[in-house]
Each structure stands twice: as structure tokens, then as C-alpha cells.
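Protein chains in written order, with my numbering: chain A, 1 to 252; chain B, 1 to 355.
Do not take every clue at face value.
Which chain A residues stay away from chain B? Per the calculated CB distances, all over 12 angstroms, these [said to hold, decoys possible]:
| hint | residue |
| --- | --- |
| 1 | 26 |
| 2 | 54 |
| 3 | 65 |
| 4 | 90 |
| 5 | 103 |
| 6 | 139 |
| 7 | 153 |
| 8 | 155 |
| 9 | 181 |
| 10 | 211 |
| 11 | 221 |
| 12 | 244 |
| 13 | 245 |
| 14 | 249 |
Among the chain A residues that face chain B by a calculated CB cut under 8 angstroms, a handful are [said to hold, decoys possible]:
| hint | residue |
| --- | --- |
| 15 | 50 |
| 16 | 88 |
| 17 | 89 |
| 18 | 91 |
| 19 | 93 |
| 20 | 235 |
It is worth saying that the hints were derived from the structure and are not from the lab.
Please read all numbers here as calculations on a predicted model, not as lab measurements.
Using N, Cα and C, we set each Cβ at its ideal position, and we do this for glycine too.
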Amino acid sequence: MAMLEVKDLNISFGGLKAVDRFNITIEKGELYGLIGPNGAGKTTTFNLLTGVYKPDSGSISLNGKDITGKRTIDINQAGVARTFQNIRLFKNLSVLDNVKVGLHNNYKYSTIEGIFRMPRYYKVEKEMNKRAMELLKVFGLDGENNFKASNLPYGKQRKLEIARALSTNPMLLLLDEPAAGMNPNETAELMETIRFVRDKFGMTILLIEHDMKLVSGICEKLTVLNFGHVLAQGKTTEVLNNPQVISAYLGD
Amino acid sequence: MDRKKMKKSTRSSLITYAMVIAVYIIVEIMLNTGNITSLMSGLLVPLCVYVILAVSLNLTVGILGELSLGHAGFMCVGAFSGAFFTKVMAQAIPSVGLRFFFAILVGAAMAGLFGIIIGVPVLRLKGDYLAIVTLAFGEIIKNIVNVLYVGKDSTGLHFSTKDAVSLKLGEGGEVIINGAQGITGTPHAATFTIGIILIIITLFIIINLVNSRTGRAIMAVRDNLIAAESVGINITQYKLLAFAISAGLAGVAGVLYAHNLSTLTALPKNFGYNMSIMILVFVVLGGIGNIRGSVISAVILTLLPELLRGLNNYRMLMYAIVLIVMMIFNSSPKAIEFRARMMEKFNGFKKKGAA
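Construct the entire structure; sequences and hints are all you get.
So this is what it looks like as C-alpha cells:
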């Protein structure tokens, strides 16, 4: 069974068909790329997949379960986590707390137990700290756990966002331009990290990216969007040599 | 590393508790040795009321990050439901202290309930819009209380919004809430000691809430709605929870306030928007999100006008100026830059001193 199966997804804003008959099938453990020129509808697709927008028609199923039109929080609980194109961290919280917010639904105690510091508070908080530190270690952020998130350098903020997304224990991870604004060294490092996340957590990853080096370096399959349509789909090398794709990127 | 951080937040809250207890001890000593004017001793309970209000509003403004201008309204709900309870239960619970204790619970519950009722429609709004709507709700609450007539006789409770006569009370009936004349004859159960205990309970609830799973979720909602939703935080639920707890604690302050007066009336002076804005000034002056700051600024801003009695007429003017200055100091980029520079200088100086 495919991890993510999207059939004929449509959404239009006014007269504009932002995403038009979008289809995609991603198998478990795949590293899949979603590319296309600016304004092609990539982020809109992410927003549809995570329930920020409700599709006009079409269906989305995650691991065989229909998640079409559900609320963002329910889709997250079902196992989809994401990062954002423009970083959205909890700026005033510490690095550790950012990840602990992600653990919110998997490590529970009630508000009353929290206020009156009952034994479960200490027990669960300890487990949360342990798990959060493990995740931070994966991304080399464990030394900075006390920093305010907004004080981290840009590259590390991106990593923290991925760590936070992973902390919700997803099956499918959506990365929206993870390498945006990174220098070549940071990008190379990020590629390693993404590959590592896939191997270590057995994660299925769908990513949007403009950096062709990253895309051709780690994505096994690609879907190219242009004006909301799927232009090409398939193995990375084949897609990137497709004349239509080249003309969409470089012009005729 | 992690233990150090835990220690830091625990230490900070311990300092806050210690500060409150130290002030209590000093004031008690001064009271017992007669070193305090009657004017000041009359101010002690209101001081506790303002501190609780400031700390509880900080939960909405600082931790949840939503501007509310209706805090006096929730205080009003707490004050009237608490005083009402005390009057109605006069025979059922003869002990004044016990009645006061239950009145606090009733006041907190009622104000919390109003927080939920008002929060459901209102918390969909943000920023200025939310501020305006909460301001309106605060005024509505005050005005409804002003036309509310409730009486009690052998057949039970009677309600009216017209006048005391239309309650049609039976033999031996008593008007409890008499419209604009309010509630009279509430026992003076509020003391400075009880006020301090309530302050500590309020601090305990808010500080522990902030440093827990729920508090993190509330702050996540404040920092980034979309990201909070994307990691599975139920935004509506946590906004409402924070708002209701904040309202409930304002209700506690209201009950304390009501039991310090012989006549409780809903005037613009005590439950109007001026009061709401004054509480907001406490929060802004003390630093938005800074619990200890709220305590300190509430105390200073309450005492200052009394100490500068000659300037009393200019009190609201002074508040406005303080508010504007603090906002500039807190949020203008130039001021932030200046503060950062000063901090650096100070730290450098400290390091030099250590070496």
C-alpha cells in the first residue's frame, strides 16, 4: 500500500486553478521531490495535504486511510508533519521547548497535574526531555537546547524545524524548501541529514526544492508542477532530462 | 545543561514567592509596631487585589499574547457572585471564614464560566479587534449588574431587571442585589493575610501552568498559530483555557475586593474600562509575560498616587505617560538596540570586574 496516494486533487482561488488534477503516489521510505517554477502550486499542494486548505475535489489517502478535508491537527495526528518555506518556529521558546511542543500529543498529562506538580508531571516531563534531547542530538542541536529559538543561526533554525516536525512522530514528512537561503556547505550537510532521517526513522519524505543539486542528489523520484498541472513524473534522472521540464524552467 | 535550565526557572519563581512573603513579613511587623498610617493599612487589601489582577491578566496578554481590555468585567462577575453567595448562605454557613472560602471558589468558577462564554465568540478575533470587543463585554457586564435586582424570601430567589418592587418578595424577604445600589452588608472577611495567600496561590497556578505542557502549548499558539496547528495543538482549546483561567483568577480578585467593602456597587470607577486599562498598565509596565514584573508594578503604581497625593488629579495623565514611555522603551527598535548595548556594556563591565 502506498504511503501517500493523491487522486485528482483540485483547488481554485477565484478563477485561478492553483492546483489542477494533481496526482501522486509515494511508497513507504521514498524520498520524493516536488519541483516547479515559482507560482506553480507547490506550497498550495502542501497546504492541501496538511489541511490548511480544503480541496475542491479529489482525494488524499495516507497509508490507506482517507484524510481528505480533515483539520490540520487531525492530519498531523494521522501522521503528516511539515516544515515551512518561511521558517515558523516558536520564536520565544527555547530550542528544547520547541521540540517538546511537538511531543505534545504523544506525551500527555493533564493541566491539573501540571499545575499541582503531581508525580506524573515529573515522570512525563523527564521522558519528554529525554526524547527531545535525542532528537536534538540527531540534528546536532543538543548543545544549544537552552537558546531561544530566534537566536539560532538560520541553518540551525531550519534543522530545528525538521526536528520539531519529527517529534510529532509522523509517517510522512513534508519539507518546504529546506535548503532555501543556505550556502553550498550547509546544503550539502542538509542533504546528509535528510538522507539520515529517512534511513534512521524509516521516514517517507516529500520535499519542495529549487536547488537542483539537492534534488538530483537525494530525490529518487520527482514530480514537476507548472501552472498547477503535473508536467512530468517519474525517476529523477528521466524527469530532469524531459524536454518539457527543461523548457518550463529555462523558457523556450 | 538541562538541569541548569530547570534550576533557573525554579529559582526565578522562588525569588518571586520569597519577595511576596518578605513584603508580607515586613508589613506585618510594621502593623504590629504601629508604624503604618491608617491610610496605608486601608490600602493593603486593594493592593493584593491589584496584584492578583495584574498577574492574571499577564496570562492573557503575556503568555497567550492576546490583548484583553475586559479584565475588570471578570473581576465584576467574581465580586458580585462572591458577595451574593456570602449573603445568600448567611444562614446555611454561619462561619464567616468558611463562607468566604466558598465565595472565592464560587467567584472564580463564575468568572471562569464567563471567560468561556465570552471567549468562544471573541477569541476568533486578534489584536485591536479583540481588545475593542473585550472592552465592550467588560462594559456590558458592568451595566447588566447595574440593572440587576435579586431578592430572596421563603419561596426562593427572585430576579428582575426593573426595580426592587417588581421582585414581589414575600414576608421577611430581603433584596440582595439592589440594582445600581449593589450589594450592602457583605462581611469584612478580607484581610491582608488572606490577600497574600491568594496572591501566592495565583502565582503558584500561573507559574506552574507556564512551565508545563499546557503552558508550552499556550505559548506555541502565541508565537505561531500555523506552526502550532501543524504539530497538532488545538488552538481554540488552549486559547480558551488560558482566557478562562485568567478570568477565573480575576474573579478571585473580585471576591477579595467585594469582601473588603461594606457596599459593593458596579461603578465605572471600580469595574469600568478605566480599571481594565489600569490593570493593563500594570502588565505593560512590569513587562509583558514577566510575572514578577507584574507584581512589582502593581504595587508601585498603586502606592505611588497615594504617596504623591498632591498629584492625585493627574493620576490618569501619569498612567498614560508611563504607558507610552514603556511601550516605546519595550518595542521601538531604537530602544531595543539601546537596551542591548547597555546590557553588553554591563556584562563586559561585570566580566572585567571578575577578572
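Hints and how they fare:
| no. | hint | verdict |
| --- | --- | --- |
| 1 | 26 | 19 angstroms, holds |
| 2 | 54 | 14 angstroms, holds |
| 3 | 65 | 16 angstroms, holds |
| 4 | 90 | 4 angstroms, violated |
| 5 | 103 | 9 angstroms, violated |
| 6 | 139 | 16 angstroms, holds |
| 7 | 153 | 18 angstroms, holds |
| 8 | 155 | 18 angstroms, holds |
| 9 | 181 | 18 angstroms, holds |
| 10 | 211 | 23 angstroms, holds |
| 11 | 221 | 24 angstroms, holds |
| 12 | 244 | 33 angstroms, holds |
| 13 | 245 | 30 angstroms, holds |
| 14 | 249 | 29 angstroms, holds |
| 15 | 50 | 6 angstroms, holds |
| 16 | 88 | 4 angstroms, holds |
| 17 | 89 | 7 angstroms, holds |
| 18 | 91 | 5 angstroms, holds |
| 19 | 93 | 6 angstroms, holds |
| 20 | 235 | 30 angstroms, violated |
Consistency with the previously given hints fails for numbers 4, 5, 20, ordered from lowest to highest.
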